[in-house]
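J.: Make the full structure from the sequences, and use the hints.
Those protein sequence lines, which keep their order, are chains A and B. Residue 8 in our numbering sits at position 8 of the first sequence, with consecutive numbering throughout. Residue 88 in our numbering sits at position 88 of the second sequence, with consecutive numbering throughout.
Because identical chains cannot be distinguished in the list, a pair is counted as satisfied if it fits within a single copy or across any two copies.
Straight-line distance between alpha carbons at most 27 Å, and here's what the computed DSSO-like set of lysine-lysine pairs gives:
| # | residue 1 | residue 2 |
| --- | --- | --- |
| 1 | Lys120 | Lys38 |
| 2 | Lys120 | Lys134 |
| 3 | Lys146 | Lys38 |
| 4 | Lys146 | Lys112 |
| 5 | Lys27 | Lys146 |
| 6 | Lys134 | Lys146 |
| 7 | Lys128 | Lys146 |
| 8 | Lys101 | Lys27 |
| 9 | Lys101 | Lys61 |
| 10 | Lys26 | Lys134 |
| 11 | Lys26 | Lys61 |
| 12 | Lys101 | Lys55 |
| 13 | Lys127 | Lys146 |
Simulated from the structure, these hints should not be mistaken for lab results.
2 protein chains.
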Amino acid sequence: MNFPLPPDCPYYLISRATLAVTSHLKKGFINEGVSTIKPAYLGVLLALWDEDGLKANELGKRAGLEPSTMTGLLDRMEKDALLKREPDPHDRRANRIVLTKAGVDVEVASTKVLSDTLDKVFSSIPKKDIETTKNVLHTILLNCGKEDVK
Amino acid sequence: MNFPLPPDCPYYLISRATLAVTSHLKKGFINEGVSTIKPAYLGVLLALWDEDGLKANELGKRAGLEPSTMTGLLDRMEKDALLKREPDPHDRRANRIVLTKAGVDVEVASTKVLSDTLDKVFSSIPKKDIETTKNVLHTILLNCGKEDVK
DNA sequence: ACAATATATTACGCATACGTATAATTCGGA
DNA sequence: TCCGAATTATACGTATGCGTAATATATTGT
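T.: What follows is the structure, given as structure tokens:
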């Protein structure tokens with residue numbers, strides 16, 4: 001196969017697209033007055049809004065992040081008063097990650113920014129093409145050994 | 001529109017896919033004995049192999065990076081002895097970025113790693129679907145205001 | 001009960017990229 | 001020619017993520 005250089009190389013394109021959407025999202029949070037929320041927080045917040053009190057470990061799996069990445073991420077989110085680490089009563093190695101009131105309260109605004117941003121970013125793209133793209137991305141992840149075979 | 005959560009959200013998928021390919025590429029360089037080459041170096045190297053002596057500025061455009069990003073990237077590449085900054089004789093603000101012998105010599109091995117990696121990562125994906133994906137990504141970039149309208 | 005393993009986190013250093021602010025020049029128009 | 005605007009780079013601080021190594025606990029097989 002022949003993979004064209006930067007402007008048309010699929011690897012270049014997914015890299016740029018990722019950064020572009022992330023940057024757009026970040027501006028969205030700032031513009032909507034929830035500037036404490038950073039794009040990277042979303043994976044954790046979405047998981048905790050769904051089920052509070054998960055372990056760092058489990059959060060990492062849901063957000064697709066390595067355990068070592070979780071430490072710093074949770075540090076920042078804790079510093080931003082969105083969550084707290086509480087000792088797990090049944091496992092002294094682990095913490096339960098619990099949302100603070102601020103972490104709970106920010107859900108509505110944050111999810112609005114997220115969905116508005118994605119709506120805009122993916123607008124004018126046929127649903128069928130988005131499905132194709134998702135399949136392609138799943139395959140890429142599989143080919144990189146980064147996705148569980150279902 | 002409704003954008004499903006992490007495992008099936010297109011934004012989550014492009015982020016993960018980008019990281020996965022980058023990580024795969026990095027391992028490729030290490031396994032092939034060109035461990036000085038980092039994935040981020042490729043945009044710069046591809047441009048310089050094509051046309052040596054470009055300005056940091058121009059390199060940034062070709063690689064899709066901000067000028068402020070170029071400084072650190074070129075610092076690292078210079079430290080790794082892949083290139084040198086030489087003063088531009090016609091513009092005292094600018095440098096010309098020139099490959100060292102090492103920077104030239106590493107072309108064959110690096111491009112092999114790149115194409116082998118991309119071949120593998122994109123294998124088993126219909127060409128037509130890759131085209132669709134590329135179009136989707138171009139549109140995303142357009143929607144983020146990050147791509148020139150041609 | 002114990003040693004060997006496995007798990008949950010953290011600590012660190014490295015790699016990438018941005019945005020903002022600055023310094024040094026160059027350039028274009030009055 | 002001279003001044004304000006544009007251009008070229010850099011310096012910094014911030015945000016993300018990874019991999020490796022270390023620490024503290026749990027679990028398991030014998």
